[in-house]
Amino acid sequence: MSGNDINRRDFLKFMGLGGVGAATLTGCDMPTTVTLEEGKEKVVSYLAPEEYVIPGIGVWYASTCQQCPSGCSIHGRVREGRVLKVEGNPESSMNGTGLCQMAHAGLQGHYNPDRLSKPLVRKGDKLTEASWEEAWALVEEKLGARTAWLTGTISGHQAVLLDDLKKTLGSNKSYAYEAINNGVGEALNKAVLGEATPRYRFDKAQSVLSFGADFLGTWVSPVHFTKEYAQKFRTGERGVLMVVEPKMTMTGANADFWVPARPGTEGALALGIANVLLHKHQVDGRVLPKAALDVIAKYSLAKTTDVTGVRSEAIVKMANYLRNNSPSIILSGPSAHEHANGSQNAAAAMLLNILLGNVGKTIESSGEMPVKDIAARPASSKAIVDFVADVGRGDIDAVVITGTNPVFTAPKALGVEDKLSQVPFKVALSMFIDETSALADVVLPLASSYEDWGTSVAAYQPHDKVIGVQQPLMQPLYKETKGLGDVLLSLLKSKGVDGYAGFDDYYAYLRKAFSDMPASVKQGKSDKAFWSAALQSGLINVGAASGSIKAKAPKVQAVGYEANSDYPFHLVPSARQGLWDGRHANIPWMQEAPDQVSKVFWDSWAEIHPKTANALGVKEGDFIRIESDQGVIETQVYIFKGVHPDVVAVPMGQGHENYGRYATGVGVNPLKILSPTTDESTGELANHATRVRVAKTGAKAPFPRLGGSEQQAGRLLVGTVTADVFRKTEGGDHVA
Amino acid sequence: MSLKNLLNDWSHYRKGIEDGGFYEYEHMWGMVVDLNKCTGCNACSVSCYSENNLAVVGKDRMMKGQGLHWLRLERYWDEPDMGGDDKEFQERGGSFLPMMCQQCNAATCEVVCPVAATYHTPDGLNAQIYNRCIGSRYCSNNCPYRLRYFNFYSYYEESWPEPLNQQLNPDLSVRDKGVMEKCTFCIQRIRTGKDKAAREGREVRDGDVVTACAQSCPTQAITFGDLLDKDAQVTKLWKSHQVELGKTKQNKSDEDLRGYRVLEGLNTDPCVMYLDRVREV
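One line per chain: the protein sequences are F and C, in this order.
Be aware that the first sequence starts at 0, since it is given in numbering that gives the first Met the number 0, and climbs by one per residue.
Be aware that the second sequence starts at 0, since it is given in numbering that gives the first Met the number 0, and climbs by one per residue.
Honestly, the hints are just simulated from the structure, not real lab data.
Errors might be hidden in some of the hints.
Said to hold, decoys possible - Pulled a few chain F residues facing chain C out of the computed Cβ check, cut under 8 Å:
1) Asn94
2) His103
3) Lys226
4) Ala296
5) Leu300
6) Ala301
7) Met516
8) Pro517
9) Phe600
10) Phe622
11) Pro703
12) Leu705
13) Ala722
Yeah, the Cβ is synthetic: ideal placement off N, Cα and C, and Gly gets one too.
Using the sequences plus the hints, can you model the full thing?
Given below as structure tokens:
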């Protein structure tokens, strides 16, 4: 210690202070560069911590996931003021404790380094940072009667505010666009069953036949269906799953019987199966109108095989399964719907449900939401077609865009980018710069769903009908971000709309809205108790599903198939659970997570059948050139037997041009080369109808796929037993 | 400490499986993965990333096999148990296999560590002491499941640029360059569960500890618990499928029972039991 001025007493003092400082600083998020010696910082002890903040202890708060529109209920773990982990809410009949990978990855959306922290205003060619006041003044000035609202799925009280705002402005133009949607299915359900989203009872079904509905991955309410599928459908007597689709999805990868049909001929296959059921199995056809029976009669086995390319044994096998494992559910989804004859395919699948007597048994009414005005507004892909048409007519002077990225997700041939440039004033409310918000005149930075208040009502409701409650899990990361509810409320206030002046913020509005909920929902609780209960459980149970359902048989038409010699292949822009429609491509966990089926990470790929690969002379990792009448993409091939030989499948979600450091420049976007086709009956985009030609480019590169061998080589890695063995050892009441 | 004591202690812990292994365990954490329920959705893996501070390494390093996915979803296309594999299409779908450290009781990784950085805990866990690890990578070389992951680089700046680092779980460390890491059965959650039980003055009960993967599984395909707890769900499943620790081949009264351990013939004695996938013929 010689040569040092510190004496023992000073040293102890210093250590004491330092000790307190260290203990305090580890508990909060102060920068570690704070030096107590400088005397500039105060040492604030945790003697009086904020409510529920206990250093070192995580506290769980309930909220609602906003990563996709299915509205799962979550718990977020908060420690020292930061949200660290999300888990499923055990109280939720939607998802229970489980979640999908995208829900977990919401954290990396919230903490994403590419998030917007300040408003941006266009000056010349460039978006430049501006004060909130400056941006807001522009928004207030420009929004009027000829304002369009281009959104994703929207529900809850945000939707109520938006409706009021539209009424005030005198604008009736709103477009809820989702690239992953069930628009064709909803329209058909509405016509046949009287409701757009009935309940599917996987727990009661003994067999499921899905025509392209990836209900374990991306269709309607995947986590809920996954839960019901595994915990009820696949246990006990274990139902049979059959999947007809051009490219194996996650649902297909779990099928007992996976069958690829020529894209667009799914309806013909359904009619062929109906034909076998009627004639081989003597199923009573009197439930169907004569017109339908006449069409079915045309689909003999030979004719069905001729149209669909599916072997006759496979058709009979599916009919047998359906006959012997009753009741069943027949589903149809995007790869059957998104064709010019998409509604016909959906109608043929529904006809099977009627023929097999499933309606009322495994397809039930979901009943009515008691609080009607906050129900989900249906989203579709027709919305973007309409938007483009309306801009073309010159009906729109301003557009507010939020929750959707149509420049990326709509087929390029629609010309969304071009049409947007014709709109004089564009506002984007967004957490990120993406291909669409980059074109805006004003970008207002949105708060993340973990920082904001909100309510949401899922379009698909399981047994318990619920309103999902979203509460902030932490303080906003950036002071100048605002929630969508707050933005809408501010607009309503600035327009001087009656009844809104009294609300300081969206939180205050929600409190009032909760107080005003009908007595049946509040169940005798006081306003305060009702609010606390809602926050505590993260959902409000508004009663069980009820009501009956009856089917009115749809009209069906013959479905044919035409080959195209110029463009012999079908392009399947499949949906990938993980990136969704591309909105999660900026999340590093989602890029690093391999695709469930191909196991490719951080890139795009094209799936082709070994036969096709042979014909083209390509091996795994070789580049191919996929050319439609709209353009060309090039990507590496993955070769496996889970794809139709006439199909080349390129998943959507990659190929971003302007979406932050993790997504930009990764992979290719198949939506760029889609031909502009729509379903003839509903006008929904027919994204699976594009024909392409495929050629080898000669280029090759190492292929970004997880794992080496895809064969078990005789090792017992994944054992398989037959369903009969399972039923013998674990079926019925014999639960291990 | 005499050399004799040291050697005694050593052989006490290092009892070979033929001698019944070390048996004074406080817990024996084990797992069941039901492949009839698993849909291969990958939620467990991402839940693990978020719980355990796993670094994102990027495309090039992933391609070199340097990804740090403690729990990875393997997918196979052939079905050795279902016979022929020469059909035109993949008619029975894929075979998914969630692989996390199998927490072997006769772990091949432990015996080769030159510095005893990987060892067996009285909880039956195969643990890794990061600050003892010198990065010889012998353990990873010796793991027949390829479930040990090496930090070839320091990832903290690249993987968690501000403010992504705010998501890091403070209950465990971020590993640095030169260190081997692997699934710990969420040891921080085990610790929290044990502490809670101790505070409440009781034994650890089934359900007190749930790993991040088991918790997040939408199908509840993963069951986690203490194999020494007779009433634990995991123990019941092992029993009903007639799979026992300490064997290289199980004697089952009914060959059709689905339980098995991956590569158990290697005498690694894993604590993870899988239940066969099921398909129609």
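Hints versus structure:
Evaluation of the F/Asn94 hint against chain C yields a held restraint, the C-beta minimum of about 7 Å falling below 8 Å. At a threshold of 8 Å, the smallest CB-CB gap from F/His103 to chain C is about 4 Å, leaving the interface hint in force. Interface restraint check: F/Lys226 against chain C, minimum CB-CB distance 5 Å, threshold 8 Å, status holds. For F/Ala296, the interface hint is violated, since its Cβ never comes within 8 Å of a Cβ in chain C; the closest pair sits about 29 Å apart.
With a least beta-carbon distance of about 19 Å to chain C, the hint placing F/Leu300 at the interface is violated under the 8 Å criterion. Contact between F/Ala301 and chain C, as hinted, is not supported at the beta carbon level, the nearest pair being about 20 Å apart and thus beyond 8 Å. The interface hint given for F/Met516 is violated, since its Cβ lies 30 Å from the closest Cβ of chain C, which is over the 8 Å cut-off. Proximity of F/Pro517 to chain C is violated relative to the hint, the smallest CB-CB distance being about 32 Å (cut-off 8 Å).
Checking F/Phe600 against chain C: minimum C-beta separation of about 6 Å stays under 8 Å; hint holds. About 16 Å separates the beta-carbon of F/Phe622 from the nearest beta-carbon of chain C, more than 8 Å, and the hint is not met. The criterion of a C-beta within 8 Å of any C-beta in chain C is met by F/Pro703, whose closest approach is roughly 5 Å, and the hint holds. Against a cut-off of 8 Å between C-beta atoms, the interface hint on F/Leu705 holds, since the closest Cβ of chain C lies about 7 Å away.
The criterion of a C-beta within 8 Å of any C-beta in chain C is met by F/Ala722, whose closest approach is roughly 5 Å, and the hint holds.
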